[in-house]
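*Asks:* Fit chain B to the given chain A structure using the hints.
Those sequence lines, one after another, are chains A and B. Position in the first sequence (from 1) plus 639 gives the number in my numbering. Position in the second sequence (from 1) plus 22 gives the number in my numbering.
If you're looking for bench data, these hints aren't it; they were derived computationally from the structure. Incorrect hints may appear among the rest.
[What the hints assert, rightly or not] Which residues of chain B face chain A? A partial, calculated answer using Cβ under 7 Å:
no.	residue
1	H367
2	D368
3	G383
Ideal Cβ placement from N, Cα and C applies to all residues, glycine included.
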Amino acid sequence: MTPAPTGLYSDTIRARWRQPRFRGDLVGATAQAEDVNPLCGDRVRMMVRLRDGALDAVRFTGDSCAICTASADVTAELSEGRSVAEAARLTTEDVLAVLQADIRPTRMRCVTLPVSVLQKVLTP
Amino acid sequence: MTMDEKTRGDFPILDRIVNDHRLVYLDSAASSQRPRTVMEAMSQYYATSHANVHRSIHTLGEEATALYEAARDRVQRFIGAGAREEVVLTRGTTDGLNLVADALGRTLRAGDEILITDMEHHSNIVPWQMAARDRGVTIRSIPVRRDGALDLDAFERQLGPRTRVLAFAHVSNVLGTINPVAHLCARARRVGAVTVVDGAQAAPHLTLDMSALGCDFYVFSSHKMLGPTGIGVLWGRLRALEALEPTRGGGEMIKEVWIDHARWNDLPWRFEPGTPPIAEAVGLTAAIEYLEKLGMERVTEHERALARQAVEVLGAIPGVTVYGPPAGVDRGAVVSFSVDGLHPHDVAALLDQVGVAVRAGHHCAQPLMRSLGITGTARASFSVYSSHEDVSILAHALASLRTQL
Chain A
640 MTPAPTGLYS
650 DTIRARWRQP
660 RFRGDLVGAT
670 AQAEDVNPLC
680 GDRVRMMVRL
690 RDGALDAVRF
700 TGDSCAICTA
710 SADVTAELSE
720 GRSVAEAARL
730 TTEDVLAVLQ
740 ADIRPTRMRC
750 VTLPVSVLQK
760 VLTP
Chain B
23 MTMDEKTRGD
33 FPILDRIVND
43 HRLVYLDSAA
53 SSQRPRTVME
63 AMSQYYATSH
73 ANVHRSIHTL
83 GEEATALYEA
93 ARDRVQRFIG
103 AGAREEVVLT
113 RGTTDGLNLV
123 ADALGRTLRA
133 GDEILITDME
143 HHSNIVPWQM
153 AARDRGVTIR
163 SIPVRRDGAL
173 DLDAFERQLG
183 PRTRVLAFAH
193 VSNVLGTINP
203 VAHLCARARR
213 VGAVTVVDGA
223 QAAPHLTLDM
233 SALGCDFYVF
243 SSHKMLGPTG
253 IGVLWGRLRA
263 LEALEPTRGG
273 GEMIKEVWID
283 HARWNDLPWR
293 FEPGTPPIAE
303 AVGLTAAIEY
313 LEKLGMERVT
323 EHERALARQA
333 VEVLGAIPGV
343 TVYGPPAGVD
353 RGAVVSFSVD
363 GLHPHDVAAL
373 LDQVGVAVRA
383 GHHCAQPLMR
393 SLGITGTARA
403 SFSVYSSHED
413 VSILAHALAS
423 LRTQL
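For reference, chain A alone in the conformation it holds in the complex (with noise of 0.2 Å):
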């Protein structure tokens, strides 16, 4: 069997699922939030410790697969120190660029759950 095109799973989607960085409960979340991806019934809870308008700490748990918890783990590092209102303003455009894997339609709601999730927290 040939090995797997990098492209499908990046270096990085490989790296983030096998050791995530922001995985695990947060005590003394502030704010959080969990939604379910319909198509495969993978669960992310995001949870946020918010300090000062601004989220001190962010953390991800759930049932999910690669892609999806590589995007919760880039998403919680992306948002980890930045304001409410620049939080608020992360997109799916800017884990991806990170990912660095050719997504395709039908895994893109894998990406997008964890955002979502995170906007939920923030706009409740």
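*Replies:* Below, chain B alone, put in the same frame as chain A:
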């Protein structure tokens, strides 16, 4: 000559190259592929005979009507139905189940119970929820044992005088479990419950005989049995169908219409409002002809051998868990599995990289996934053109999968 050697050339799509590999299509339980004869019959129909059915008094209208009604006769023989009036052509399994649930639901009262099972596809759950809603009707569900079989002791406890409907799959689309239809229906009849069987995963693979199954309604789709999408079958025992009020109105389903009321047409047209899927009916006829030429018993045997091989070789791969009935117990043409440390969608995406098409996810059976304690599985499923080599390629690809992510 094996069945796949005999049939492969009839399915042009199997020549596809996917990601530089020969397509290995192991997703026939979601939708099978079609032989050339089905496509040709449909395009021939459009090229020579298309018109609307039943009301067009001209040559094309008569030809189209004859072809459409011939599909009904073909289905009747294929499933061993007692009369052509018992065969309603629908848009598919989901449509048929909704039709029955909607019509039966209107006869239910507060305190009544609908009994389903934990292994149902969402299309045999949600329509019953809709039927029960606002009526004070309770839905109960038969649990599934660890070996993939229904818990028949629990079934006996759950079945009672309040049970008005028993609805269940003939073959599980996830586990492949073949449920004891005749036994379940006989028990249900003793308490006066109407029985509804989802045959979506059985009709393409097993010899069907409605008189032997003993259910009141049986529902399946064309597109899983080599036929076109957009058409399916609802078989109803004559008395059971007659007891149902149609819930969808329009042309063709009436005898006479006044401004404030109407009189229903005879069976089966009473349940077929509007212009039906005519070309699809022609395609369904061709699909049944194809299956009957192969012989359904030989089809069953071929696919059973593939399922047996898959259970054996996938189960032997370290880190792979196979679900459903244990080796040695007959199952339908599906084998669900998971790979330790990998999400089912990633399994499917990595297999696709080498041309292997499997289904992954919850398979529209979330309650079953919950009872198994998992979010999803990957699933390989077979049809007449599937081969032992296909299963070997899948196994080979799976064995090296865990190192790739």
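*Asks:* Confirm or reject each hint.
*Replies:* Verification of the supplied hints:
no.	hint	verdict
1	H367	holds (4 Å)
2	D368	holds (5 Å)
3	G383	holds (4 Å)
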